[in-house]
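Trainee: Sequence order for the protein chains is Z and U. Residue numbers for the first sequence follow the working numbering, so the first one is 1 and each next one is one higher. Residue numbers for the second sequence follow the working numbering, so the first one is 1001 and each next one is one higher.
Honestly, the hints are just simulated from the structure, not real lab data. All C-beta atoms, glycine included, are put in the ideal place defined by N, C-alpha and C. Heads up, some of the hints might be wrong.
Have a look at the derived ranges for each label pair, beta carbon to beta carbon [as the list claims (entries may be wrong)]:
1. U:S1144 <-> Z:F202: 52 to 60 angstroms
2. U:G1078 <-> Z:A65: 32 to 40 angstroms
3. Z:L205 <-> U:R1322: 53 to 61 angstroms
4. U:A1112 <-> Z:T53: 48 to 56 angstroms
5. U:G1078 <-> Z:P51: 23 to 31 angstroms
6. U:G1078 <-> Z:G165: 32 to 40 angstroms
Each computed DSBU-like pair below joins lysine-lysine, with the alpha-carbon atoms no more than 35 angstroms apart [unchecked claim]:
7. U:K1171 <-> U:K1015
8. Z:K37 <-> U:K1059
9. U:K1015 <-> U:K1070
10. U:K1237 <-> U:K1015
11. U:K1059 <-> U:K1015
12. U:K1015 <-> U:K1139
13. U:K1171 <-> U:K1237
14. Z:K33 <-> U:K1237
15. U:K1139 <-> U:K1171
16. U:K1070 <-> U:K1059
17. Z:K33 <-> U:K1354
18. U:K1139 <-> U:K1354
19. Z:K37 <-> U:K1015
20. U:K1070 <-> U:K1171
21. U:K1237 <-> U:K1361
22. U:K1139 <-> U:K1237
23. U:K1354 <-> U:K1171
24. Z:K33 <-> U:K1139
25. Z:K33 <-> U:K1171
26. Z:K71 <-> Z:K37
27. Z:K33 <-> U:K1015
Derived, one-sided and incomplete: chain U residues facing chain Z with beta-carbon distance under 10 angstroms [as the list claims (entries may be wrong)]:
28. A1076
29. I1079
30. S1082
31. P1083
32. E1085
33. L1097
34. P1099
35. A1152
36. P1161
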Amino acid sequence: MQALWLSVRLAASAAAILLLIGMPLAYWLAQSKWRGKFLLESVVALPLVLPPTVLGFFLLVAMGANGPIGKLWVALFGHTLAFTFLGLVVASVLYSLPFAVQPLVAAFESVDGRLLDAAAVLGAGRWRTFRGIILPLSVPGIITAAVLSFTHTLGEFGVVLMVGGNIPGITRTVSIDIYDHVQSLEYGAADRMAIALLLISFAVLSTIYAVNRRVWIPWPVKRGE
Amino acid sequence: MQNAGVTLAARVRFKRPLRHHASFELDVDFQVGPGITILFGASGAGKSTLLDCIAGLLKPRDARITLGQKALQDSAAGIFLSPQERNIAYLFQAPALFPHMTVEQNAGYGLAGAAEPERTAAVFYLLELFRVAHLARRKPEEISGGEAQRVALARALAPSPRAVLLDEPLKGLDAELKSSVVDDLRAWNRASRLPILYVTHQRDEVDALGERVIALDHGRIVSEGTPHSVLNAPRTKRLARVAGFENYLTAAVQELREADGIMRARLTGSGAELELPLGYAGVGDRVVVAIRAGDILLAIERPTGLSARNILEGTIDSVEVRGATVVCRVNAGAMFLVHVTPGALRALEIAAGKRVWLVIKTHSCQLVEE
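Chain U with its partners taken away, still in its complex shape:
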């Protein structure tokens, strides 16, 4: 049975005092349609606070949250539904299973009103879907962390919720287990077509799970779109760091070439120039450029005949092997981090003091806000 699916819409303004007269302010306005939407951001960006507001565990002073036609909170109209009345599934970072109940009792906790045979049927349907039915008689302390999180998922979905909130639910699980849980969740959602809001700060999860991403930073939405567009063009330095950009360089804009869609900028503290994609900057402005260490090529001779516009000369400062990745620090006016493979390290005989050229494509350079 297919239905059109509901939309979760939230406009939330929430201020929480912190120590030393500072305060954290959440100010967002967004909509989530059926399917998995990733809420992405560094820790402290306000992701969990936002989920608590949607679930009704926190009561923001100024908010309008609707699920389909139903208003969960409308501060202008004085409406605030309690968490009990919202019918939203919420999975926390920790499974939070009731320690004195068995797996079966946990999974059935939200079905208090249901008659006995239906209740057991619903519980075992979900326990089987998430492959934990064989643990039904165990206590939470007798099962593993991954199993506990699957039981928590079954418990959250049992009361037939209208929306699902997941707060880094698979933290600490290995990648294979993670994707199998998410596949199961997707399979479950094929019939119900609920909006699922999935919070994470790990970029590999964003790539793997989401159809749509909302990036949150300092309590505000900084970008929205496909995983590819959000991860590859982060708007702020903090988000860029979470998205896996290792290099941040400040540069002064020298020249704008609107016709070519680029601008030239000089790196602070050196004579080296970079060609960057055109951004919101004028001549003389200071900009911050983020570049992934894996997007920089290393050459031991000056390369020619390349389409890449940025070729910088430098020397290797240090080399550090981290598993399958070799991290080279290269001094090319500014300090660059460059990732190469152990094979490349041997083939090019890269070592401290060696003279190298860095090759960087214009569109590997992302302008970010500080």
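So that you can see chain Z by itself, here it is in the shape it has in the complex:
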């Protein structure tokens, strides 16, 4: 149960941070007409194609005692970032970045450009337009981004193993735990963990699809009065 709680905490932290940094990034990607935009889009999408172990290896080297981030961290806090919960959060944010950014970009881009023109002509600046028009019209996309980054982080294995190792209560997440149980032939314990993970993933995914198809409308409207 400790591993499950750790995974949920990790996934929730990563999802929250991803929404915070993903929104401005996605807004910029959706609005910018800069020619070199594709370069940043490629960087954001990299974790989709890169093997998790490769990403994890780079992060481990960077966060380790001799890496650039690691050295800075040691100087500031007296210990390395690798093999800590915070290190896992940083790694998960990078690993799940495309799962947050891509739904957000799609949602922001699908807002009718004429609505934005109308807001501009009515005197609304960028921030007011974003907050009052783009954001409320992108709610399904924002929920999708949050849920996808949560579930994707929940099930990660390779990056966690490389960056976090296997420290109970600190870096030992569900997938590591399952792997461990299987290694030591404890199939019963692995089975319980695997089913718990499956149920959680199914529950959150079904909420996205429900929200996107508006199965339940929170505030029903009467039509054709």
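Chain U: place on chain Z using the hints.
Mentor: This is chain U only, laid out in the frame that chain Z set:
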């Protein structure tokens, strides 16, 4: 309270690349005084692009746009005001209401800086003026297209703009509704006396709404004046088509009679001759003549004793009834389209193969550019 009203002046040159190395070029210079001015032209003539430039949604490289004393853009001086700073009302073809807000919230969106009681008062004054106040609590998806466009108009006018741009705002509304919205707009403008630029490609709107018309074609102003003068003497074939001219004939000029103000020309591919008003053409030049199908008379005997100078003999090629209008194709050397009423069709027993005479007044023939 009456004031002198402001003038919107725009000189805009704007080039936009199209596919296949072609480009669209807008090059206009005009002024719009208080009241409704119609910007008329076929689709693709550059009307919406021009409005986007005036509103600041597009930034042309070379432009000087002023509203009264205020420069909205002066590329020579490096001035470009953002759409937010221009205080211009702009109504698009679609209402573009914010779907997650009520009608009241939509109408008040441009009044963010106003204090609460004034804001509500201003919103309801306009919603009532445009007869949509009873919809204040509805969402845009719960009202009709005509209602949505009225709400959009109220929203655009709420921040007390200095000029109004309307881009075919009443497209798809029936004629009665259209004229009532425009009457309301005129009533609103009686006190403010703002320049209103109204874009349309429908000639019935030009007749009904405008005091002044600017005709745009291929990014250039081709004529300017009263609705009557612009619609009845279109300068280009494309504009003539939009203005409702069905017949285009090419002819070679035979003779100029300056004293009478006319010239004679022979229709291409036939011996028939037409008397035309004098235009910028010399003997031997090829000209294009536009004639409205409704301006041609049909006779079943050779008419005599008429003032009309052009009487051409021909045969009916086909007859097609379109509602209250009957479209006859008549072969008189060239193919002519002639509109008659169903009553005339029966009285004259018009049918394919029948021999007829076409009667066309000299001044019903308009010389147009190709």
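Trainee: All hints are to be evaluated individually against the structure, with a verdict given for each.
Mentor: Here's how the hints hold up against the structure:
1. Roughly 43 angstroms separates the CB atoms of S1144 of chain U and F202 of chain Z, a value that falls outside the hinted 52 to 60 angstroms.
2. The beta-carbon spacing between G1078 of chain U and A65 of chain Z, approximately 54 angstroms, falls outside the hinted interval of 32 to 40 angstroms.
3. Checked against the hint of 53 to 61 angstroms, the C-beta distance between L205 of chain Z and R1322 of chain U comes to roughly 57 angstroms, which is consistent with it.
4. Take A1112 of chain U and T53 of chain Z: their Cβ atoms lie about 52 angstroms apart, and the range 48 to 56 angstroms holds.
5. In this structure, G1078 of chain U and P51 of chain Z break the distance hint of 23 to 31 angstroms, their C-beta atoms being roughly 52 angstroms apart.
6. Range check, G1078 of chain U to G165 of chain Z: about 60 angstroms between beta-carbon atoms, so the 32 to 40 angstroms window is missed.
7. About 27 angstroms separates the Cα atoms of K1171 of chain U and K1015 of chain U, which keeps this hinted pair within 35 angstroms; it holds.
8. A threshold of 35 angstroms between alpha carbons decides the hint, and for K37 of chain Z with K1059 of chain U the separation of about 22 angstroms falls inside it, so the pair holds.
9. Of the pairs offered as hints, the one joining K1015 of chain U and K1070 of chain U holds, with about 25 angstroms between alpha carbons and a cut-off of 35 angstroms not exceeded.
10. For the hint linking K1237 of chain U to K1015 of chain U, the alpha-carbon distance of about 23 angstroms falls within 35 angstroms, and the restraint holds.
11. About 11 angstroms separates the Cα atoms of K1059 of chain U and K1015 of chain U, which keeps this hinted pair within 35 angstroms; it holds.
12. For the hint linking K1015 of chain U to K1139 of chain U, the alpha-carbon distance of about 39 angstroms lies beyond 35 angstroms, and the restraint is violated.
13. For the hint pairing K1171 of chain U with K1237 of chain U, the CA-to-CA distance comes to about 24 angstroms; that is within 35 angstroms, so the pair holds.
14. For the hint linking K33 of chain Z to K1237 of chain U, the alpha-carbon distance of about 38 angstroms lies beyond 35 angstroms, and the restraint is violated.
15. Taken as a hint, the K1139 of chain U and K1171 of chain U pair is honoured in the structure, with Cα atoms around 21 angstroms apart against an allowance of 35 angstroms.
16. Between the alpha carbons of K1070 of chain U and K1059 of chain U the distance comes to roughly 17 angstroms, so the proposed pair stays at or under 35 angstroms and holds.
17. Restraint check for K33 of chain Z and K1354 of chain U: not satisfied, since their Cα atoms lie roughly 64 angstroms apart, outside the 35 angstroms limit.
18. For the proposed pair K1139 of chain U and K1354 of chain U, the alpha carbon gap of about 60 angstroms is over 35 angstroms, so the pair is violated.
19. With a CA separation close to 25 angstroms, the supplied pair K37 of chain Z and K1015 of chain U stays within the 35 angstroms bound.
20. Proposed proximity of K1070 of chain U and K1171 of chain U is supported: the alpha carbons are some 32 angstroms apart, at most 35 angstroms.
21. Among the hinted pairs, K1237 of chain U with K1361 of chain U is consistent with the structure: their alpha-carbon atoms are about 20 angstroms apart, no more than 35 angstroms.
22. Proximity of K1139 of chain U to K1237 of chain U is assessed by CA-CA distance (about 44 angstroms); at most 35 angstroms being required, the pair is judged violated.
23. Taking the CA atoms of K1354 of chain U and K1171 of chain U, the gap is about 41 angstroms. The hint is violated against a cut of 35 angstroms.
24. Our distance criterion of 35 angstroms between C-alpha atoms is met by K33 of chain Z and K1139 of chain U, whose separation comes to about 33 angstroms.
25. A C-alpha spacing of about 32 angstroms is found between K33 of chain Z and K1171 of chain U, which places the hinted pair at or below 35 angstroms, so the restraint holds.
26. For the hint pairing K71 of chain Z with K37 of chain Z, the CA-to-CA distance comes to about 32 angstroms; that is within 35 angstroms, so the pair holds.
27. Note on K33 of chain Z and K1015 of chain U: the hinted pairing holds, with a Cα-Cα distance of about 18 angstroms set against a maximum of 35 angstroms.
28. Because the closest C-beta pair between A1076 of chain U and chain Z is about 25 angstroms apart, greater than 10 angstroms, the hint is violated.
29. A cut of 10 angstroms between beta carbons decides the hint on I1079 of chain U: the least distance to chain Z is about 18 angstroms, and the hint is violated.
30. Interface hint status for S1082 of chain U: upheld, as the beta-carbon distance to the closest one in chain Z is roughly 7 angstroms, under 10 angstroms.
31. Annotation: interface hint on P1083 of chain U holds; nearest CB of chain Z at approximately 4 angstroms, less than 10 angstroms.
32. For E1085 of chain U, the suggested interface contact is upheld, since its CB lies about 8 angstroms from the closest CB of chain Z, less than 10 angstroms.
33. The beta carbon of L1097 of chain U is positioned within 10 angstroms of a beta carbon in chain Z (closest approach about 8 angstroms), and the interface hint is therefore held.
34. For P1099 of chain U, the shortest C-beta to C-beta distance to chain Z is roughly 7 angstroms, which falls under 10 angstroms, so the interface hint holds.
35. Checking A1152 of chain U against chain Z: minimum C-beta separation of about 8 angstroms stays under 10 angstroms; hint holds.
36. Of the supplied interface hints, the one on P1161 of chain U holds, with its beta-carbon coming within about 9 angstroms of a beta-carbon of chain Z, less than 10 angstroms.
In the structure shown, a violation is registered for the earlier hints numbered 1, 2, 5, 6, 12, 14, 17, 18, 22, 23, 28, 29, in ascending order.
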